[in-house]
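A.B. asks: Sequence:
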Amino acid sequence: MQKALLTLVCCVLLSGSLLAQRLVSDAKIVYRIETPPQTDASFEGGTLTQYMKGHLSRVDLDFKMVHYSYLINSKEESVVTLIDNHGDKYLIRAGKEEYAKELKEYLQVQFKDAGETKQIAGYTCKKAIGKMSDGQTFEVYYTPDLMPENKQYNRRFVNLKGLPLQFEIINKNGSRMHVIATKVDLYAVPGSFFDVPKTGYKEISREELLRMGS
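If you're matching positions, the sequence shown starts at 1 in my numbering and goes up one per residue.
Read the hints as simulated data drawn from the structure, not as lab findings. Think of the CB as a built atom: it goes at the ideal place given N, C-alpha and C, for glycine as much as any other residue. It cannot be assumed that every hint is accurate.
Cut-off 27 Å, straight-line C-alpha distance, at most; resulting in silico cross-link-like pairs (DSS-like, lysine-lysine) [as the list claims (entries may be wrong)]:
1. Lys28 / Lys198
2. Lys53 / Lys126
3. Lys104 / Lys172
4. Lys53 / Lys198
5. Lys118 / Lys28
6. Lys75 / Lys198
7. Lys53 / Lys183
8. Lys161 / Lys96
9. Lys75 / Lys118
Ranges of calculated distance between the beta carbons of each label pair, as one might list FRET restraints [said to hold, decoys possible]:
10. Leu107 / Gly54: 14 to 22 Å
11. Ile204 / Glu149: 28 to 36 Å
12. Leu107 / Phe193: 24 to 32 Å
13. Asp145 / Pro197: 28 to 36 Å
14. Glu102 / Phe193: 18 to 26 Å
15. Glu34 / Lys198: 31 to 39 Å
16. Lys118 / Gly87: 38 to 46 Å
17. Met65 / Lys172: 36 to 44 Å
18. Asn159 / Gly95: 18 to 26 Å
When you get a sec, could you build the whole thing from the sequences and use the hints?
C.D. replies: This is the structure in structure tokens:
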């Protein structure tokens, strides 16, 4: 009898834990970007908007003079990058080989809880330290209450045990940008948000972009 009661209690506790975490298929999350001191003024006051819908995701980076969009299809294993720089618009495609290479790199990122919590955009978030394969670390605050259905919506966080609402981005020069959520909307995102534009952009390779000095 005691064994049966203990089993029942364990099942209730487990089901309560599962119910507490919401599996998210569709979402829109708006973040503000805090740039490090002495950053070019054209990059101040930027925002990052993350969209999710099933196996589709989109990241919009908006600054004063330039806009980037990343359209990610985890089912087809592809990424399309859109750049609008002073009205000059470019489109860059990355196929399965490049997608797999980057995913493999992010799969090596490990997260360790740091024992701190804070409130962000109405959610209680846990602090974690992410460690990359090269040894660099970065901070992230995530809510375990929300778990993306598509773990590859943002491959940087494929191993994270929840939804990141604050994190660091390490720039090539070693400086760090802080990205902090200001609003979380859990609603059905229109499928059109993830369509690749057929006109208005000049399609180029990543190598061509690098040669242009971008």
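A.B. asks: Are the hints correct? Go through all of them and say.
C.D. replies: Hint-by-hint comparison with the structure:
1. Lys28 / Lys198: With Cα atoms ~24 Å apart, Lys28 and Lys198 stay inside 27 Å; holds.
2. Lys53 / Lys126: Roughly 25 Å separates the two Cα atoms, so the pair holds.
3. Lys104 / Lys172: Holds, at roughly 20 Å.
4. Lys53 / Lys198: 21 Å, holds
5. Lys118 / Lys28: Since the Cα atoms of Lys118 and Lys28 sit roughly 21 Å apart, the hinted pair holds (cutoff 27 Å).
6. Lys75 / Lys198: Status holds; Cα separation ~21 Å.
7. Lys53 / Lys183: Holds: Lys53 and Lys183 sit about 17 Å apart, inside 27 Å.
8. Lys161 / Lys96: 26 Å, holds
9. Lys75 / Lys118: 34 Å, violated
10. Leu107 / Gly54: 14 to 22 Å: 21 Å, holds
11. Ile204 / Glu149: 28 to 36 Å: Since Ile204 and Glu149 have Cβ atoms about 33 Å apart, the given range 28 to 36 Å holds.
12. Leu107 / Phe193: 24 to 32 Å: 27 Å, holds
13. Asp145 / Pro197: 28 to 36 Å: 35 Å, holds
14. Glu102 / Phe193: 18 to 26 Å: Once the Cβ atoms are compared, 22 Å apart, the range 18 to 26 Å for Phe193 and Glu102 holds.
15. Glu34 / Lys198: 31 to 39 Å: 36 Å, holds
16. Lys118 / Gly87: 38 to 46 Å: Because 40 Å falls inside the window, the suggested range holds.
17. Met65 / Lys172: 36 to 44 Å: About 19 Å separates the Cβ atoms of Met65 and Lys172, which means 36 to 44 Å is violated.
18. Asn159 / Gly95: 18 to 26 Å: Check passed, 24 Å falls within 18 to 26 Å.
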